[in-house]
Amino acid sequence: MTDDAIIDVVEVSKGFGSADARVIALDAVSATIRRNEFFTLLGPSGCGKTTLLRLIAGFELPDSGEIRLDGEEIGHLPPHKRPVNTVFQSYALFPHMTVAENIGFGLLMQGRPAGEIRETVGRMLTLVRMTEMADRKTNQISGGQQQRVALARALAPQPKVLLLDEPLSALDYKLRKEMQIELKRLQHETGITFIFVTHDQEEALTMSDRIAVMSNGKIRQIGTPRDIYTHPVNRFVADFIGETNFLKVRLANGVANLAGGAQVDIGAGGRDGEVTLAVRPEHVRIGPAGAPNSIAATVRNSVYFGTDSHIYMDLADGTEVVARIGTDAGGSAGPEIGAAVGLSFAAGAVQVLED
Amino acid sequence: MSAAEEKADRENARNAWALSAPALVILLLAAAGPLLIILVYSFLLPGKYGNVEWGFSFDAWRGILVTKDIFDGTYQLADAHLTIFWRSVKLSILTTVFTFVVGFPTAWFIATRSPRWRAILLFLITIPFWTNLLIRTFAINQIIRNEGLFNTLMIKLGLIDQPIVIIYTDFAVFLGMTYVYLPLMVLPLFAAIDRFDMRLLEAGYDLYASRLQVLRRIILPIVKPGIIAGSILVFIPSLGAYVTPRILGGGRNMMIGNFIELQFGQGRNWPLGAALSVTLLVVVMVALLVYVRFANRDSGHG
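From first to last, the protein sequence lines stand for chains A and B. According to our numbering, the first sequence is numbered sequentially starting from 1. According to our numbering, the second sequence is numbered sequentially starting from 356.
For reference, chain A alone in the conformation it holds in the complex (with noise of 0.2 Å):
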């Protein structure tokens, strides 16, 4: 992966509807997206992550910014004159073309001779693995076919960045598995730079070179996946994002003082004050009660899950924190419900959330 920008949006803000009832679905949104790179606008629905990827794809007008491709400005083009290519969610597979001619008609609109379409378009089956279906009514074939054929279909003009729309989320699980690698193989042996949408958080980790997680029109956090994992900056982004505790605290030269009285030393200096405290439920560690620099808490329930067990605990103050303990050899249930226990972090585990 190199480091130059391939997609520059600077400041683009979009509304919709009446001027008395606007809708405003991005607000001054900036962003860099990197050449070959697998990038994700990750967010729950309506928080303009679609509207960005129409912005670039030319199928909305921004009200105001920039959208930059290579450095020229993109953003007033209609789509047929922008070198991208989009998936969409419903496939958009033209109805009345077989499997070959919907792969074909974007090489065709281009005007690219006949010898070099049928050569394209061939190689494409190839690499979605659908040459015998070449000549298959689009209606013929099964979702996770059809996907694969739209995936062709906007890869075969070579365009520099290809628009993914929640293109997995009609799939069943099992082939939507599937689909995750074999975009990941697309994107590795094309080597074009693909934007994707979508709203599953386990999609974004476990595909993406970076993701953007995104929250009322506005992009929260832009980082790799173990960024964003492991340094959430604000509470929605660790909220969205995995399971996460989230523990009140009072912060004093870098040191956290909890409701119960207890302290835990939380290393790199925050800004002292009322701060929130992002703990993943998997670093949280469960000591007997009284222990030196523990949290006091109690079990309240334990929910067994066969890898793991998850351990749902109170504070004196009545925060709930979870806890998420590998099952050992011996099959231990872990602590009874209703024991007190001390709780402890494991070193560099917590985040100071900057809201």
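Just so you know, the hints here were simulated from the structure itself, not pulled from any lab data. Note that the coordinates shown come from a computational prediction; the quantities given were computed from them, not determined experimentally. Careful, some of the hints might be misleading.
[Claimed, not checked] Short derived list, chain B residues pointing at chain A, Cβ under 10 Å:
| hint | residue |
| --- | --- |
| 1 | ASP427 |
| 2 | THR429 |
| 3 | GLY559 |
| 4 | TYR560 |
| 5 | ALA564 |
| 6 | ARG566 |
| 7 | GLN568 |
| 8 | ILE573 |
| 9 | ILE577 |
| 10 | LYS579 |
Using N, Cα and C, we set each Cβ at its ideal position, and we do this for glycine too.
With chain A fixed as given, assemble chain B onto it according to the hints.
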């Protein structure tokens, strides 16, 4: 299968025939019967005061294309008949094409409105059917005749000095048929466009197709069943139109329908009228077959 079951089966079949008997009888008497009579009549001789005389003859069939010179008895191509055939076909094709050109944007517009507006607009499209065709055609007559609404208005506005002669021309017939048959084009087109997945438009634009290419390569091939249905619904009644050419075309600008009527009326040549009717039927059927064949072949490689 047991004997009882077999018996029940036979009884079912008998009941099915018995139940459909009324429909079959009506079809036989009302559709096949008259057609058969017309076919038989076309091979008979004309009676002196109408009706037919029983005597086998090909005269009527020959009479479609050639006329016998009353002085020297030689046969000549019937120019007048050919003119009428040609006018009928020409006006029907023009009407079909023009109702499509006007009807397609109309249907598209309706199909892309909100459900409430769609219901209102479709209702408006069907309103003309509430009034008798004859009255509507006379209304058009009133608008386009030399002293009618259109010419009076144009002269009052000072745009023209002399009335533009529209009434009793081919153009008047074409205008009238377009007006009468437009809903028959709009409704099937609307049904087809309503089923069209608008997301395919974005897919087309995304794959470098211009607006014109999206229309030609994506929209038209997909809504083709609607185009075919609309064209058939307009072309067939146009070809046999009677009221419109009679009122707007006057006596001179006849179409096949009027010509057939003439044979059964003043012409007192029922066999010729019958032969013309059968010809019209065959022409329509051949046109349909060719059209459907052509449309099907094309849809395989949109």
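Holds or violated: ARG566 of chain B as interface residue toward chain A, Cβ cutoff 10 Å?
-> Where the cut-off is 10 Å and the nearest Cβ of chain A is about 9 Å from ARG566 of chain B, the hint holds.
Taking 10 Å as the limit, does the beta-carbon of ILE577 of chain B come near enough to a beta-carbon in chain A?
-> holds, 5 Å
Mind checking the CB of LYS579 of chain B against every CB in chain A and telling me if the closest is under 10 Å?
-> Because about 8 Å separates LYS579 of chain B from the closest Cβ in chain A, which is inside the 10 Å limit, the hint holds.
Interface hint for ILE573 of chain B, Cβ within 10 Å of any Cβ on chain A = holds, 6 Å
Hint status (Cβ of ALA564 of chain B to nearest Cβ of chain A, threshold 10 Å) = holds, 5 Å
Interface restraint verdict for TYR560 of chain B against chain A (beta-carbon cut-off 10 Å) | Interface hint status for TYR560 of chain B: holds (4 Å vs cutoff 10 Å).
Would you check whether GLN568 of chain B satisfies its interface hint, that is, whether its CB is within less than 10 Å of any CB in chain A?
-> holds, 6 Å
THR429 of chain B as an interface hint toward chain A, with CB separation required under 10 Å | At about 56 Å, which exceeds the 10 Å cut-off, the nearest Cβ of chain A leaves the hint on THR429 of chain B violated.
Would you settle whether the hint for GLY559 of chain B is holds or violated, based on the nearest Cβ-Cβ distance to chain A being less than 10 Å?
-> Cβ of GLY559 of chain B sits 8 Å from chain A, so the hint holds.
Does ASP427 of chain B pass the interface check with chain A, least Cβ-Cβ distance below 10 Å?
-> violated, 61 Å
Violated hints, listed in ascending order, are 1, 2; each of the other numbered hints is respected by the structure.
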